[in-house]
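Q: Here is what each chain is made of, one letter per residue.
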Amino acid sequence: MAKITMRQAISQALWEEMERDPKVFILGQEVGVWGGTYAVTKGFYDHFGADRVRDTPISEAAIIGSAIGAAIAGTRPVAELMTINFAFSAMDHIVNQSAKMHYMFNGQMVLPLVIRTVGGGGRQLGATHSQTPDAIFAHFPGLKVVAPGTPADAKGLLKAAIRSNDPIMFIEHATLYQIRGEVPDGDYIVPIGKSTVQRSGDHVTIVTYSKMLELSLKAAEQLAKDGIEAEIVDLRTLRPLDMEPVIESFKKTNRAVIVEEGWKSFGVGAEISAQIYEHAFDYVDAPIKRVAQKEVPLPYNRNLEQMALPQVEDIIKAVKEVL
Amino acid sequence: MELSSELKKEMYWMMLLSRRLDERAWVLHRQGKIAFHISGIGHEAAQVGAAFALKRGHDWVTPYYRDLALMVSLGLTPEEFMLSLMGKAGEPSSGSRQMPSHFGLRRVNAVSHSAPVATQAVHAAGIGLAIKIKKEKKVVLTTIGEGSTSQGEWYEAVNWAAVHQLPVIFLVQNNQYAISVPPEMQMAVKSAADKACGLGLPGQMIDGTDVIAVYEIISELAEAARNGKGPALVEAKMYRITPHSSDDDDRTYRSREEVEENKKFDPLLLTKARLIDEGIYTEKDLEDLDKKAKQMVTDAVKTAEEAPYPAAEEAAYPVYAEEVPNA
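First to last, the sequence lines map onto chains A and B. Heads up, the first sequence is in the numbering used here, so the first residue is 2 and it goes up one at a time. Heads up, the second sequence is in the numbering used here, so the first residue is 2 and it goes up one at a time.
For reference, chain A alone in the conformation it holds in the complex (with noise of 0.2 Å):
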């Protein structure tokens, strides 16, 4: 067990599964010689080869197609979108085709793809640099949508998502790639569609994922300091969606608040809510509450973009009025 950063947890999971399975190979903008926009893959071009870390033309949708072409020929391609926002010029292929080729030709073949991007806001990147679109991707039957919040999860989901035979969407954070944690070494596997007690408390339910686990820890860290002790779920996985701890969590505490980095309408939140309601409809004391991003688009300037993400402060106003 060591210390590690997400960067460090990311680019072990891929340097020990490339180790391990000779059809491993990585594909996409400056993953090669540049060692990738957020330097994940720094040094796997000298030590894999071009071969295996190929870097592509600025051509998304033939980063995707081509990579499901190769996941069908036998490879197992972890593709790199730079970042999530132009996973949008690849969107015909993520879900007209990767996420419908198990069903569409009755499992003839398995796509055995992982699309590493990277997603969020906080960097002062603009508004098509910076958002959180995951819900989108976890509206499609067939794809599978990670999320890690923190470095040993990084390690442990990447390393699943790469020996799964599904097409998963594995968004990291652009803000999370600097925080440390204790990371296992060599061969750990988080599996994919749990999620996770990250956090006990008794009086409330905190569920969250991603970058937001951070900011909902923050905040429990000072509602303790007034006796509030919240319980944070870490879904940690879109879809498949394991509600089962926030099921359980929710029936302890009867109160809970959603915290997602993403536009509130029609997301994470709306998802978790509705099925706590469906679930847990009995246990219910107060009604659910959502932290969410303001319904803009990102702006540049750093107060204004500040102001439009959610801020530990907006979680602690949520938790205390549902209590």
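Note that these hints are calculated values from the structure, not bench results. A few of these clues could be false.
[Unchecked claim] Sample of chain B residues at the chain A side, in silico, Cβ under 10 Å:
| # | residue |
| --- | --- |
| 1 | GLU3 |
| 2 | ARG107 |
| 3 | ASN110 |
[As the list claims (entries may be wrong)] Footprint (simulated), chain A over chain B, 3 or more residues, beta carbon under 8 Å:
| # | region |
| --- | --- |
| 4 | 94 to 101 |
| 5 | 265 to 279 |
Ideal Cβ positions, reconstructed from N, Cα and C, are used throughout, including at glycine.
Keeping the supplied structure of chain A fixed, place chain B upon it in accordance with the hints.
A: For chain B alone, coordinates are given in the frame of chain A:
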């Protein structure tokens, strides 16, 4: 090298059988027995010639929806085609989950495409990439209509294959219409093959009604690609004799005179005349073959009509790999 009579006979048979299957599909649609058909009548020479140029079952194919004759040449049976038209159980492309003519046949390395056009070209580049990584001696043939070469993804795929020297043959079937729109409204060049010079791969235009010419040219390109010489772009010209699909009335955009005039270049008739000329077949032989083809089609229709529909519970899977048997 002169091709053997046997090979010519075999190619003619695939063209003939595909034509009779296609014609019957139109009849079944007009009888209200099937929901949809998209036709490849007029394309048979290009498709059969290209299929025979491959090591069938060894090389890969990412076809498009007009490729009935290509698929029949690869091994799609008349029964399987009829099952797909009727949406019956056991249909091999999708278990009747997908529309007919979205051909996929894993047993011969043919990969189905989705409805947005040109996606299959990008998949072909990816398969080419896998072939290269695995150091196999294989080629991918991907087909497309001339209209779909307007898509950004087609350019991305061709560019990608050219940059990385992937073993892919991009075969454009230019049948003069993208539904109702003629080629001059799709591209400012005379032929889709002309686009090759801007992308850095060899491009050539061929007569898509001449099955032997197509066979010879694609054979040469396929062998070069298998040996690491990179991709190629070919445009085969022909005329789409039928409307675009069973939902299209082509009288709104082309005259009957034009269609009749172009029927002179029907590849089936041209090939037939050639086989008689060369003394490979007599009129009587060809009549017998036609009877045989029609009987096979009739039998296939009967088999498909008697086949069951998929069980209702099949609608629920396989969405994820764990639901795929033997994944």
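Q: Against this structure, judge whether each hint is valid.
A: Checked hints:
Restraint check, B/GLU3 versus chain A: the minimum CB separation of about 35 Å is more than 10 Å; hint violated. The criterion of a C-beta within 10 Å of any C-beta in chain A is met by B/ARG107, whose closest approach is roughly 4 Å, and the hint holds. Look at B/ASN110: its Cβ gets to within about 8 Å of chain A, closer than 10 Å, so that hint holds up. Interface restraint, the region 94 to 101 of chain B with chain A: holds (5 residues with C-beta to C-beta distance below 8 Å; minimum three).
Under the rule that three or more residues need a Cβ within less than 8 Å of chain A, the assignment of the region 265 to 279 of chain B is violated, with 0 such residues.
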